[in-house]
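Enquirer: Chain order of the listed sequences is U and C.
When the letters of the first sequence are read in order and numbered with the working numbering, they come out as residues 1 to 273.
When the letters of the second sequence are read in order and numbered with the working numbering, they come out as residues 1 to 294.
Keep in mind that the hints were calculated from the coordinates and are not lab data.
Hints should not be assumed to be uniformly reliable.
BS3-like cross-link-like pairs, simulated, lysine-lysine; straight-line CA separation at most 27 Å [what the hints assert, rightly or not]:
hint, chain 1, residue 1, chain 2, residue 2
1, U, K126, C, K238
2, U, K126, C, K51
3, C, K228, U, K126
4, U, K189, U, K163
5, U, K102, U, K159
6, U, K159, U, K182
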Amino acid sequence: MINRGSDWMQKVEVLAAWLLAFLWAAPLLYAVWAAFHPMDFVSRFVLTAPLTLDNFRSAWKVAPFARYFFNTFVLVSITLAGQFILCTMAAYAFARFEFPGKEIVFLLVLVQIMIMPDVLIVQNYKTVSQLGLVDTILGIGLPYMASAFGIFLLRQAFKQVPKELVEAARVEGAGWLSVLWKVYIPLAKPTYLAYGLVSVSYHWNNFLWPVIITNSTETRPLTVGLSIFGAPESGVNFSVISAGTLLAVSPLLIAFLLFQRQFVQSFMRSGIK
Amino acid sequence: MKLKRPISVQVYAWLLLLPALVLMVAFTHYPIVGGFIASFFSTGREGRASKFIGLENYSSMIADPVFWQVLQNNLIYALGVIPISVILAIFMAVCVNGRLPGRSIVRTAYFTPTILPMIAVANIWLFFYTPQIGLLDQIRGLFNIPSHSWLGDTSTALGCMMVLAIWKDAGFFMIFFLAALQGIPPELEEAALIEGAGRWYYFRRVTLPLLMPTMLFVLVNATINSFKLVDHIFILTKGGPDNASSLLLYYIWEVAFGFWDTAYASTLTVVLLVILCLAAITQFRYMEKRVHYQ
Chain U
1 MINRGSDWMQ KVEVLAAWLL AFLWAAPLLY AVWAAFHPMD FVSRFVLTAP
51 LTLDNFRSAW KVAPFARYFF NTFVLVSITL AGQFILCTMA AYAFARFEFP
101 GKEIVFLLVL VQIMIMPDVL IVQNYKTVSQ LGLVDTILGI GLPYMASAFG
151 IFLLRQAFKQ VPKELVEAAR VEGAGWLSVL WKVYIPLAKP TYLAYGLVSV
201 SYHWNNFLWP VIITNSTETR PLTVGLSIFG APESGVNFSV ISAGTLLAVS
251 PLLIAFLLFQ RQFVQSFMRS GIK
Chain C
1 MKLKRPISVQ VYAWLLLLPA LVLMVAFTHY PIVGGFIASF FSTGREGRAS
51 KFIGLENYSS MIADPVFWQV LQNNLIYALG VIPISVILAI FMAVCVNGRL
101 PGRSIVRTAY FTPTILPMIA VANIWLFFYT PQIGLLDQIR GLFNIPSHSW
151 LGDTSTALGC MMVLAIWKDA GFFMIFFLAA LQGIPPELEE AALIEGAGRW
201 YYFRRVTLPL LMPTMLFVLV NATINSFKLV DHIFILTKGG PDNASSLLLY
251 YIWEVAFGFW DTAYASTLTV VLLVILCLAA ITQFRYMEKR VHYQ
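The whole structure should be built from the sequences, with the hints applied where relevant.
Expert: See the structure below:
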């Protein structure tokens, strides 16, 4: 029997949950309001306020968003491609083979889960400049390609592959590489999807390392472009900044709203170790 | 014959590992070791080569009031952001896991800040905090409270960062608690409620203990995050006023790429790495314990 007291408690809980949801959605909803209305209505919420796309037009004109989009797209693609290839190979070695020093090497890999290249900016900048990769998109992506997190997730997935399947493929004369290609990778597809989504959202949003490495429009990703565009020195009003910000986040945001389940599950999976 | 195959397999395994290992050593292990070594040398400038100076960088760090300020800021930041965002995350997870009307909309609202870039949300929040025309001051204006320079005041700048960080992180942590809650069989709650346990009692005595492993994972991640994510500072305050809102990694960036004092920046990085290692050791210790019980 549910007594009246807990019924009342439940109502408060629902109310609090909704209030919190409103607070959490408000900044983005507010940016949408500001972006689609003239600057005069930026903090006057009247339903009759005229809608406009002018803010998007001026944002597109003020900053080279097309170029930033292209740069981010290239960055995210080459980083993910590099991660998939390198992490697959390394995870396969850890999951399928026995070799001396395996435990030590794996521990060395795990170091990177705690200390990511993000905090090693000083030395990594030296390395990247010695490689001549300052102000290149490859220079932004390279430190992240050998991802311990990716190796870890794929190793887990590869370990779940039944030995019988591998043996059967071996009996049929498949080499180790074709076993990887035909047995392991297809069975680990959900892990690739999960890791891919986490990686793409991470690198789409990453800022500190790209701002250090890039210094021209030709290489700057969206986040760096957005920081220049939103700076007070650029003299752009808040409506235009909102429009530009929405432009920059829209591909990922739309993808998230469409494939919410996959996103949420990918982030969940990434945390279950 | 018997020995030949394992060796070729070993070579094969090492070849598979090699590309990832080379890059990982180059961008993770080498900079850790290289940075540590660099912290004992002076910064090389034009016409003045870098030379060994022992602990001089460390003694100037101890004498640097800005270092102590950013370290203190970072601790306040972590101690404020982590508990509040974790408590909110648990509340969110419990709500979204239960029979809440409009559950999927609420869940979307909670989680959306996670996938937005920090730079983008900082642009939006900057406007909230702007004096006079900003939303916060407009609301205060309705009640005739005078305008306040939220980001320009040493006593409120760091707090503004913390509010933003809590908003950004809570939904992300919610996901992990939600995953853990979904692993608890619903019969458990039914049984407890039939036995007459209140909802709060059930939460305290059953749910919360079952969430503990997740809690540790989230706490470690939240700690790392609070020392690793400084993007919003670039937009909101640039560390000011008077370093009141600067965090350790932002200061490292300033020293390395603003003042080009890479040796001192390396020294500061060593401190940051020690903090991250402490977080790591906590987690590994715990994981060992859990393996033991299994």
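Enquirer: Run every hint past the structure and note whether it holds.
Expert: Going through the hints against the structure:
1. U:K126 <-> C:K238: At roughly 24 Å apart (the allowed maximum being 27 Å), K238 of chain C and K126 of chain U satisfy the hint.
2. U:K126 <-> C:K51: Satisfied, since the Cα-Cα distance of roughly 17 Å is no more than 27 Å.
3. C:K228 <-> U:K126: Roughly 20 Å between the alpha carbons, so the hint for K228 of chain C and K126 of chain U holds.
4. U:K189 <-> U:K163: holds (18 Å)
5. U:K102 <-> U:K159: Distance ~15 Å between K102 of chain U and K159 of chain U Cα, so the pair holds.
6. U:K159 <-> U:K182: holds (15 Å)
In summary, the structure agrees with every hint in the numbered list given earlier.
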